[in-house]
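> Listed in order, the protein sequences are those of chains A and B.
The opening residue of the first sequence carries number 68 in my numbering; numbering runs sequentially from there.
The opening residue of the second sequence carries number 76 in my numbering; numbering runs sequentially from there.
If you're looking for bench data, these hints aren't it; they were derived computationally from the structure.
All C-beta atoms, glycine included, are put in the ideal place defined by N, C-alpha and C.
Treat the hints with care, since some could be wrong.
To be verified - If you want the footprint, here are the derived chain B segments under chain A, 3+ residues with CB under 8 Å:
1. 172 to 179
2. 268 to 277
To be verified - Here are some chain B residues the structure puts well away from chain A; computed CB gaps all over 12 Å:
3. R103
4. P104
5. L133
6. N137
7. V159
8. L162
9. E208
10. G233
11. A239
12. P242
13. D248
14. E265
15. Q324
16. A331
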Amino acid sequence: MNLSQFLHQNYDQILELTVEHLWLVGISTLFAVAIGVPLGILTARRQVWNRPVLGTANLIQTVPSLALFGFLLPVPWLGERADRIAILALTLYALLPVIRNTYTGIRGVDPAVVEAGRGMGLTETQLLFQVELPLALSVIFSGIRVAVVVSVGLATIAAAIGAGGLGEFIFRGLAMVNNQLILAGAIPAAILALAADFGLGWLEKHLQPR
Amino acid sequence: MVGNMEGTASDAPVIEFRHVGYTWPNGRPLITGLNLEVGRGETLVLLGRSGSGKTTTLKLINRLLNPTCGKVLVNGVPTAETDVIHLRRGIGYVIQDVGLFPHYTVARNIELVPKIENWPAERIRTRVAELLELVGLDVSLASRYPHELSGGQRQRVGVARALAADPAILLMDEPFGALDALTRHQLQREFLSLQKRLNKTVVFVTHDLREALRLGSRIALMDAGRLIVVLTPQEFLRSREPLAAAYAQAFEDGFADAPREPTP
């Protein structure tokens, strides 16, 4: 049986695991954006927060993913379901690029534009939502794009703790020394990563301020 | 204020600095002992070298900076006691780098504050058209983005934006400094005719004596964070004050050294 036959026969399961995979990546990215963008805004506004916030996010990145999944296993409530652990871990990893790019994007807005806005009597909130965030949007998006692409790859490891996703094929294939199984997980994961990179890249380009 | 009781309201200074000082958090003083009054409808030019405190003085008016000692009064009320947003909406602000919002069209740039202030749509539309005409721009430019405009056009939009909510005070920080000589000259001329019509109280920062002489009703000469002297343009050229005289001398040398026709 060659690879294409295998893919064809296991079409249903591949689709199911792909959806699971997307779910893990999607939810964790949403969390990372919901937490990371406000933190990025905070660090851009209050320089004193820059070091502790980015330092912590950096530190999280240095923890090997397999170890992080393992550490979280005994945590109550969280440890009850593997996908909870996976989502938390993926969220933590995705934070750094989101925070860093939000910070960079906002700090990168032309100071003259910010000063003009302030001088005109925009409140800090109006300045943020009407000027700074729109102008930083494409930079923030490129951070989200990095986060998603990295998450698609990392999520395969989540299968090690039973969280599902395309990693299941990979780990099963590794255990059974079956290259076709490994590829059945690896190829869709790679395609997902490329598609996310391309799609979000397109979006990023269209969000570029003139 | 004693002895000024007979003065009508319009005689009272619109902007007043009382013993104002501004010191950086690191202890370096930028402005010391500043006393200055700006009357209604006049164009007061702050003249000085870079680092002399002109821009700082300007920013103390709309509270982009807050004085570390003394008081700044706008319309007789200390700015420290005014709501900062309210204060700034009543003061137009034009800077050298213009600072147009690059993601907004010309029209949206101009109408931002009126929109925030909830003007009716119809009134905003008329106002934008009116302002574009006022600063000498074609109405067709309203839908353009700032990057599609020339430097001179951009600064005109900057002026229109500052005038949008019809503030009584206009602060201008070297607004024409980055423009080429011809465009600058033209915009100065337009500023004069605009000022004749609108009669705003203007504080104008420049390091260029020629511009100061041309636009100012009075010139406040600053050096190293201190106000040296306040003079009318006529007085300025005759002044014995050393720094003012040095400026006047440099100004005259500019003509004296120009190549001339050989005398027959």
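> None of the hints should be skipped; say for each whether it holds.
Results for each hint:
Counting residues of the stretch 172 to 179 of chain B whose beta carbon lies closer than 8 Å to any beta carbon of chain A gives 7, which meets the minimum of three for the stated coverage. Residue count for the stretch 268 to 277 of chain B with a Cβ under 8 Å from a Cβ of chain A: 0. That is fewer than the three needed, and the coverage hint is violated. Separation of B/R103 from chain A is adequate, the least Cβ-Cβ distance of about 20 Å exceeding the 12 Å criterion. Under the 12 Å C-beta cut-off, the non-interface status given to B/P104 relative to chain A holds; the minimum distance is some 22 Å.
Distance check on B/L133: its Cβ comes as close as 10 Å (rounded) to a Cβ of chain A, failing to clear the 12 Å threshold; non-interface status is violated. Listed as a non-interface residue, B/N137 fails to keep its Cβ farther than 12 Å from every Cβ of chain A; the least gap is roughly 6 Å. For B/V159, the non-interface assignment is contradicted: its Cβ lies about 8 Å from the closest Cβ of chain A, within the 12 Å cut-off. With 12 Å as the threshold on Cβ separation, the claim that B/L162 sits away from chain A is violated: the shortest Cβ distance comes to roughly 8 Å.
The Cβ of B/E208 lies farther than 12 Å from every Cβ of chain A, with a closest approach of about 21 Å, so its non-interface assignment holds. Listed as outside the interface, B/G233 is inconsistent with that label: its C-beta sits roughly 8 Å from the nearest C-beta of chain A, within the 12 Å cut-off. Some Cβ of chain A comes within 12 Å of the Cβ of B/A239; the nearest lies about 8 Å off, and the non-interface call is violated. The beta carbon of B/P242 sits about 9 Å from the closest Cβ of chain A, which is not more than 12 Å, so the claim that it is off the interface is violated.
A beta-carbon of chain A is positioned within 12 Å of the beta-carbon of B/D248; the least distance is around 9 Å. The claim that B/E265 lies off the interface holds: its Cβ sits roughly 20 Å from the closest Cβ of chain A, which is beyond the 12 Å cut-off. Residue-level check passed: B/Q324 sits 34 Å from the nearest beta carbon of chain A, beyond 12 Å. The non-interface label for B/A331 is consistent with chain A: the shortest C-beta to C-beta separation is roughly 37 Å, beyond 12 Å.
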